[in-house]
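Work out the full structure: start from the sequences and follow the hints.
Residue numbers (this note's numbering), protein chains in the order written: chain A, 1 to 439; chain B, 1 to 467.
Simulated from the structure, these hints should not be mistaken for lab results. Treat the hints loosely; a few may be bogus.
[As the list claims (entries may be wrong)] Taking lysine-lysine and the DSSO-like style, the derived pairs with C-alpha atoms no more than 30 Å apart in a straight line are: (1) A:K83 with B:K431; (2) B:K437 with A:K79; (3) A:K83 with B:K175; (4) A:K336 with A:K79; (5) B:K175 with B:K67.
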Amino acid sequence: MQESCSLGKLRCLAVRLILVGLLTLILWLGNKQVSPLVSTYLDQSTQPVGTLSNLMRMASTSLYIMILLIAQSHLWASKLLSKARQTSSCAGNFKKTSSQVHPDQLTQGWITGLLLASGFVASLIVYGNPRGMYPTHFFSPRWLLVRPIKIEAYTALEKSPDVVVLGSSRAFTIAPSYIYETLGYTAFNASVEGMLPYELPVFFRFLTDQRDNNLPKVLLIEAPPYLADEISTQRIPSSLLPYLPVTETLHFVYDRYTGLFDLEHLAESIFSILRTAEANVDWTFQEDGKGILPPTTQAGLNQSLEQAIANGPPHCQFPTFRTQSHYQELARLAAKHQISLVFVLTPYHPHYYAAHMEVGSPFDICKTRAMEWLANFAGQYTNIWVLDFSLLERIQGIENEQGFYDHQHITEANANLLINAAADTLRQAYQAALDLRNR
Amino acid sequence: MKIASQAFLLIFLPIGLVTYWLILRQARHRLIFLFVLSMLFYGLAAGGYLLLLISLSVTTYWVAHKKWFGAGILLNLAALGIFKIGDFNLEHFDWLLDALNLSVETSLLRLSLPLGISFYVFRHIGYLLDVRSNRYPPSDQLLLFLTYAAYFPAVSAGPLSDYRQIADQLSNIPKTPNTEIIQNGLLHLSTGLAKKILVANTLQHALEAGLYGDSLSKTGLIWAWLSLLVFAFQLYFDFSGYTDMAIGISLLFGVVLPPNFDNPYQATNLTQFWQRWHISLSSWFRLYIYLPISRGLLRRFGAQHKALLETLANLATMILIGAWHGLSWPYLLWGGYHGLLLSLRPLLNWRILSISSPRRLAQALTFLAILVGWAIFLSPDLPFANHLFTNLAGLHGLGAITEILQVYDKFTLATLVIAATCSASGIVEAKNIPVVKRPWYFALWGTIALLCILQLAESVEFIYVLF
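Okay, structure coming up:
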């Protein structure tokens with residue numbers, strides 16, 4: 001009896017060792033064989049990150065089913081085992097039965113599973129860092145991250161420029177050198193991709209913090225008031241943290257924390273690691289902040305226009321209380337630092353404009369209300385102007401591929417024409433800032 | 001904030017649990033903390049409507065002491081009515097307005113429905129009726145009552161619970177957590193997340209394209225029945241997933257909430273279905289609506305018309321349940337449909353729906369009857385309902401498989417099969433899943449919970465929160 005019990009225990013041990021060995025072999029083989037296959041599969045996929053995240057969803061569902069099957073099998077096995085125990089002489093030698101597992105160990109097991117899985121996922125995300133949200137730089141970010149580039153370039157300037165361009169990628173091609181040639185004002189282009197209304201006062205504080213006695217005179221701001229009232233700090237670099245108000249700082253911390261628990265983010269990270277992906281961007285930037293994109297062809301422009309028209313008009317909403325408060329804060333800071341603000345809408349391509357923005361269209365009605373609000377707002381101050389160049393003819397601009405990259409991004413040629421059209425206003429704004437400082 | 005959100009699961013809940021069990025030691029402090037958590041949760045989720053919740057709850061507490069039960073019930077119903085009707089569009093009654101030659105603004109107040117109002121109003125009314133019938137005395141602790149009314153795991157969409165059940169537990173919060181209850185809570189939370197995120201969300205995304213997106217252009221028997229099945233399991237997994245999460249979260253704080261689902265699609269007749277689907281709501285309606293109506297009718301008209309009177313009581317109750325979901329024709333018709341079918345058994349002694357039939361056949365027929373009801377329930381308007389029913393009847397042919405596979409891909413179909421199999425086996429309810437008392441098993445559930453949390457960013461709102 002004793003001997004058969006020992007053999008039984010040895011058998012158990014042997015089975016467990018074999019299982020562990022098999023698992024290790026599978027993982028090793030998997031890594032050697034499956035990773036190249038996955039890489040090839042991703043190469044052939046038109047949306048590799050989406051494919052990866054779908055695969056992970058399927059894997060999650062499979063794990064759920066597996067757990068249910070394990071539970072059900074265990075129930076059946078337990079019933080068989082309890083029958084076997086009743087007849088077995090080894091009953092007393094069975095070590096850890098389920099009743100002997102301390103209840104706390106089960107809770108600890110759950111927490112351990114959660115923490116181990118979280119740690120693994122978070123490590124992958126931080127290691128891949130596809131969105132540049134964390135201080136690791138093993139791989140190029142998959143997003144266009146212009147803020148750190150512009151912040152570094154601006155900080156490196158010896159002297160504050162007279163004019164600073166703020167706004168979104170629609171203002172990337174406004175050339176500081178052309179502003180200097182035309183108006184004699186030094187300039188810097190601090191526009192960043194997807195700038196949101198809440199970032200205006202943040203960037204303002206950053207700009208004015210650089211050189212106390214020598215501030216810019218004019219901010220040329222491409223930031224339509226009808227933008228979405230979002231606060232997303234995913235693209236905000238840590239160098240801007242000191243300039244964020246408390247609520248946005250909390251958002252910053254929240255975004256980075258929850259960013260570690262995002263399936264899409266994980267998929268992007270794995271993709272970056274597997275493919276050593278290059279940044280998904282074409283823009284490069286000069287020292288003065290001007291953005292350069294490889295020129296497009298007329299066919300490329302037409303294709304882009306077709307796609308944009310099919311996607312519908314841009315989002316438009318009347319400025320919410322929160323958006324209005326950002327503009328008010330900006331005006332307060334401008335008054336305090338004696339800086340003039342010139343808000344400008346850059347042109348949309350005429351075909352896109354005709355498709356979605358003509359007078360009477362829903363977008364036009366919304367935009368008109370928003371711009372009326374902005375005009376009323378500006379009218380309360382002597383140092384704020386508004387220029388609406390959303391119609392190309394207002395800058396006598398170029399319609400073909402010489403003037404546009406797509407439905408809303410203008411080339412340097414059109415950006416120069418915009419500066420020509422805004423020249424008088426910029427001079428007035430510059431003078432107004434000087435007058436404020438000379439009082 | 002929602003309970004299926006990263007903000008809740010990654011910040012609110014861990015901080016709440018650590019504070020509750022590790023920092024606060026006294027039962028009274030823990031009760032106050034639960035109250036604060038509930039207020040904070042509701043405030044973050046519903047904003048200014050927190051004042052409505054507090055004022056209604058305080059008023060209910062006060063009128064119970066004054067024995068002004070009628071006034072309290074009317075006030076709560078008025079609050080519910082204003083928001084339900086405020087969201088109601090009089091276009092549904094165009095035909096009546098035309099007949100009466102009336103020209104009325106067809107959209108009324110257009111108020112957004114405060115989060116959980118349907119549920120906390122019912123809690124208040126249930127409390128008032130219980131105190132009135134001397135089931136228990138009125139609460140003498142305002143804090144206890146407010147915590148019960150606004151209890152955050154259940155405030156959004158239930159389950160509804162008896163005041164005494166919850167108050168007893170809140171008054172006797174143990175010093176140390178009961179390990180079995182905590183384990184149960186973790187399993188419920190993990191199961192609920194899996195059902196909601198892995199199954200219900202997948203089916204919901206498929207429905208957006210397959211059923212609601214440009215639906216009038218889709219035809220075919222296969223499309224119609226497939227869409228109906230997807231809807232039926234999406235609704236079940238969504239709501240039961242939410243309930244499991246709510247129960248699990250509550251268990252983590254040591255409070256046991258009543259179950260809300262018990263394998264409803266395994267019911268052998270519709271009476272059993274309503275004993276297994278949204279149990280807390282159907283129990284509430286049975287106790288406070290159906291029984292008083294049927295008793296009143298019997299007293300008034302006598303027992304000789306018992307079957308007819310019970311039919312009327314059934315119809316009235318079920319139509320009210322339909323109206324509770326929304327004041328629109330599909331919900332009212334759905335309620336009436338169930339009321340009629342529930343009444344058919346005693347009225348016609350229809351054996352085919354009785355328990356004496358072979359169990360699987362009875363389950364299949366009951367499931368079919370439920371599906372037809374869902375077809376009414378899910379129709380946003382009559383043209384859609386007409387289109388769906390004509391396709392269910394096969395009047396537009398079978399439909400092209402390739403087109404169907406474009407909207408319901410293989411992953412969706414696999415998820416549907418999983419959902420159906422789990423429902424058929426009974427393993428879908430958290431309380432029915434066999435527990436393997438091994439740490440590695442619980443670790444797997446912890447991993448599943450994390451995998452679900454990763455997918456929360458794209459999660460769809462729980463459907464019953466919208467009611």
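| request: Run the structure past the numbered hints and jot down the numbers of the failing ones, going up. | output: Violated: hints 3, 4 and 5.
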